[in-house]
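Number of protein chains: 2
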Amino acid sequence: MAVTSQSFQEELPPKSDLSNWYVRVILRAELADYFEPVGGCMVIRPYGYTLWEHMQALLDARFKATGHSNAYFPLFVPESLLKKEAEHVEGFAPEVAWVTEAGNEPLAERLAIRPTSESIIGLMYSKWIQSWRDLPVLINLWNNVVRWEKRTRFFLRTTEFLWQEGHTAHRTEQDALDEVLRILDIYADFVENDLGIPVIKGYKSAAEKFAGAEKTYTIEALMPDGLALQSGTSHHLGQNFARAFNISFQDDDGQRKLVWTTSWGLSTRTIGALIMVHGDDSGLILPPHVAPIQLAILPVRDEPDIRDFVGQVEQALAGTVRLLTDWSDKRLGWKRSEWELRGVPLRLEVGSREVQEQRVDMVRRDDPGRTRYPVPLADIPHVVAETLETIQRDLLRRARAFLEANIRPAASYDEFKQIMETTRGFILAQWCGDPSCEAAIKAETGATIRCIPLSDLGNEPGQCVYDGRPSPRRVLFARAY
Amino acid sequence: MAVTSQSFQEELPPKSDLSNWYVRVILRAELADYFEPVGGCMVIRPYGYTLWEHMQALLDARFKATGHSNAYFPLFVPESLLKKEAEHVEGFAPEVAWVTEAGNEPLAERLAIRPTSESIIGLMYSKWIQSWRDLPVLINLWNNVVRWEKRTRFFLRTTEFLWQEGHTAHRTEQDALDEVLRILDIYADFVENDLGIPVIKGYKSAAEKFAGAEKTYTIEALMPDGLALQSGTSHHLGQNFARAFNISFQDDDGQRKLVWTTSWGLSTRTIGALIMVHGDDSGLILPPHVAPIQLAILPVRDEPDIRDFVGQVEQALAGTVRLLTDWSDKRLGWKRSEWELRGVPLRLEVGSREVQEQRVDMVRRDDPGRTRYPVPLADIPHVVAETLETIQRDLLRRARAFLEANIRPAASYDEFKQIMETTRGFILAQWCGDPSCEAAIKAETGATIRCIPLSDLGNEPGQCVYDGRPSPRRVLFARAY
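Protein sequences appear in the order of chains L and Z. Basically the working numbering = 1-based index in the first sequence + 1. Basically the working numbering = 1-based index in the second sequence + 1.
The set of hints was computed from the structure by calculation and includes no laboratory data. Since the model is a prediction, treat every value here as computed from it, not as a measurement. Hints are supplied without guarantee of correctness; some may be wrong.
When chains are identical, the list treats them as one kind, so a pair holds in a single copy or across two.
Here are the simulated BS3-like pairs of lysine-lysine, each with C-alpha atoms no more than 25 Å apart in a straight line [what the hints assert, rightly or not]: (1) LYS65 <-> LYS202; (2) LYS210 <-> LYS128; (3) LYS16 <-> LYS84; (4) LYS16 <-> LYS202; (5) LYS85 <-> LYS418; (6) LYS85 <-> LYS443; (7) LYS443 <-> LYS202; (8) LYS216 <-> LYS418; (9) LYS16 <-> LYS443.
Just need the whole structure built from these sequences, with the hints factored in.
Below is the structure:
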């Protein structure tokens, strides 16, 4: 995982130049790389993939604790199968990659590379589900999907991406709704407490919902440039897919009934949010819960007394923290820059003086002043553990302060437009519910309804910011990635 | 994960009818299902996928302990990239699925769905590797690949399958060879000690090696019908891919040199081996190390005193074993059959009498006589833990006895043919090294050289079984899946 020398030749742009900073920090920290022969595809390098593995483990544990099992479904969706749910195919067909030849022969029917697996799931669930005793079915998939996007960006929008997609079937509508909200809470809990990114929970307007869903719930985060990022969605599919695929069961009253289904997904896109929300001019800042390396030990020189002392430090920490000791022959300043760029949340520096005094100097990555805390050998394990948790909380606290400072009510459409032209961020504005007002606002300002919040945020009636008609409550607008 | 009622309507065929038994046990135990719209694709259901998750965890820990990191590379290989290594493309092109349209437009160049990732790796490694300091590169991928096979069978041969593919680059040939054999040892250790399947380690003849490799190492297992199953391969790629993709580095002597690369893979195919090697007329027998459920608790009835006692048993075992208690209202005989079919290695039965005597009746799945061992409550944790390890060892011991009884020397070609027409199994026979003898034996008997053993097995000179010319040693023949 060594950063090759050439990757440090270029300066990192300041984070205020967000889109350049974003690309440069990803390449230089070796999170990912371009795959030039296929535009829009990316390679997730070991440092980026290890981050994803920690994210997967934390989410997967939550899914399993709530009764879900993982499974694997095929990559290919025959065109006729994809077409079974009309609204669904209409939403996804323009982005599909098609296999038309295989094994040296043309295929009788085109096969879509799955853009999502509802159709495949629909077919199989209709076979597996026969009785109310078979319900609920609670399955999650960790896989790759393909959506042929024109404009792509590392993690945020790539033609192939990794995600999890959950698919569940229930006996009653209430059971399905409970599941949809249970997952939304899991997503919010994971994104806030493990990724340190505060989110607003809500549901989408009809124009913004998932193709084929009755209702789409979402968690929305705010990036430093004032653009929103949809970070996870949970769909109440009603009986739309049950009807299209005839997923029915015999209930205990003897009646044949359609099931109620849900689907929900969170992808490698959230890695993009993580990078943008926490990073600074020196590079990444990774939240301790998911950081591939939580602690870097930087020996000033490779000398016997320092080796011996570092060995004691490593032994004291063994098994409690993901740590790396940088014994390379680079200068201390270079090592600091490297591990700061890579976002390692905490570092310990050890020179001859520290050895003499039987202590280390601890420095927090998220501390702009890089204060040095001397920590005696005996205290290292608990101080490191506590400091990592403090960093985790502080990252969320800072991001939450930014989010809260960037939710603005707009009393008039002029004010709305002015906010979108200056600070951006989230706008709370009244909306009458008419899709034509929503469409006009989008066309004129670029802002979309990110969600109708589930909390009390903006929950007071008024007049639509666009056409003045009565509005039941404010909704959340923003321009979005 | 309940077995639906209809799946028990059909009797399981006896295991002696191996290919029917194999398909039926997979469907009835809900390991997998057909995906009818795309012949050759399969769905891995939660019970089968959970098995795979345990296998992944055990292998992945071994890869990480030997310095490998995971990463993710794209699904698509442009045709021109796949063609860069001539022997490689010749081997894989006939089985490729091609994407020719995407985003509503024809593509300028066909994209192969990766059948394996050497070409993609070659391109990226040539970019990442510049100096001897960048070596070795030790990367593993867990992903899906597609090979358009005409004849498919659950797990053993499917058009899409899951696997891990390791790709490493080294400074010297010796480093690469060490890696190839290190991985072969990891595979053998995993397959023998976690899956309970004994294997023979060796290397392939030129005719049987991986397309593009210098030398392919393999572990070969034997199925109950006397057919061999290649269960993992580790390839020494020499400098073939380094040359084709110009993967070179500046060594510390200032010279520009080509790297030496390896690749190695183990797939969901080994699940097929696991099923065939251990199962019996009652269904699956899963090795405890990978069983989704290691212990089933079967209460005879749902009554308060039984509930209370089972609660105590569960508490005594909490966190030490993957257990399931079957509180369904089915009869005890039905529950026994269900969990036997699903291969749960150990079960505890609890009725009123057991509660009264504060004990359970323990039954091993792999015991043909189904002996009942009474175990007092206080002893349950250590008896269960020890018995699971005993089962794990006994499964390997039994499979090894079968393997050893089915390795036969063939002194003459007549004897060779007779073995292949009767018992089958492995044949140790002299081979002069000429590919034409190998090809003739294959055409006439269906047997291929599975490997040239690394051990002393058959390591004595003689005359080629086919044409009588001098032969340095016996090699291992079999018909194979």
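Hints, verified against the model:
Taking CA atoms no more than 25 Å apart as the test, LYS65 paired with LYS202 passes inside one copy only; the shortest distance there is 22 Å, against 38 Å between copies. For the homomeric pair LYS210 and LYS128, neither the shortest alpha-carbon distance inside one copy (28 Å) nor that between copies (41 Å) is at most 25 Å. With identical chains, the CA atoms of LYS16 and LYS84 are never at most 25 Å apart, being 44 Å at best within one copy and 41 Å at best between copies. Taking the shortest alpha-carbon separations for LYS16 and LYS202, neither the intra-copy value of 27 Å nor the inter-copy value of 54 Å comes in at or below 25 Å.
Taking the closest pair of Cα atoms, LYS85 and LYS418 never come within 25 Å of each other, the shortest separation being 41 Å inside a single copy and 54 Å across copies. Neither within a single protomer nor between protomers do LYS85 and LYS443 lie at most 25 Å apart by alpha-carbon distance, with minima of 31 Å and 48 Å respectively. Taking identical chains as interchangeable, the C-alpha atoms of LYS443 and LYS202 lie at most 25 Å apart only when both belong to the same chain, with a minimum of 21 Å there against 64 Å between chains. Taking the shortest alpha-carbon separations for LYS216 and LYS418, neither the intra-copy value of 28 Å nor the inter-copy value of 67 Å comes in at or below 25 Å.
Proximity of LYS16 and LYS443 under a CA criterion of 25 Å is satisfied in neither setting, with 28 Å inside one chain copy and 65 Å between copies.
Consistency with the previously given hints fails for numbers 2, 3, 4, 5, 6, 8 and 9, ordered from lowest to highest.
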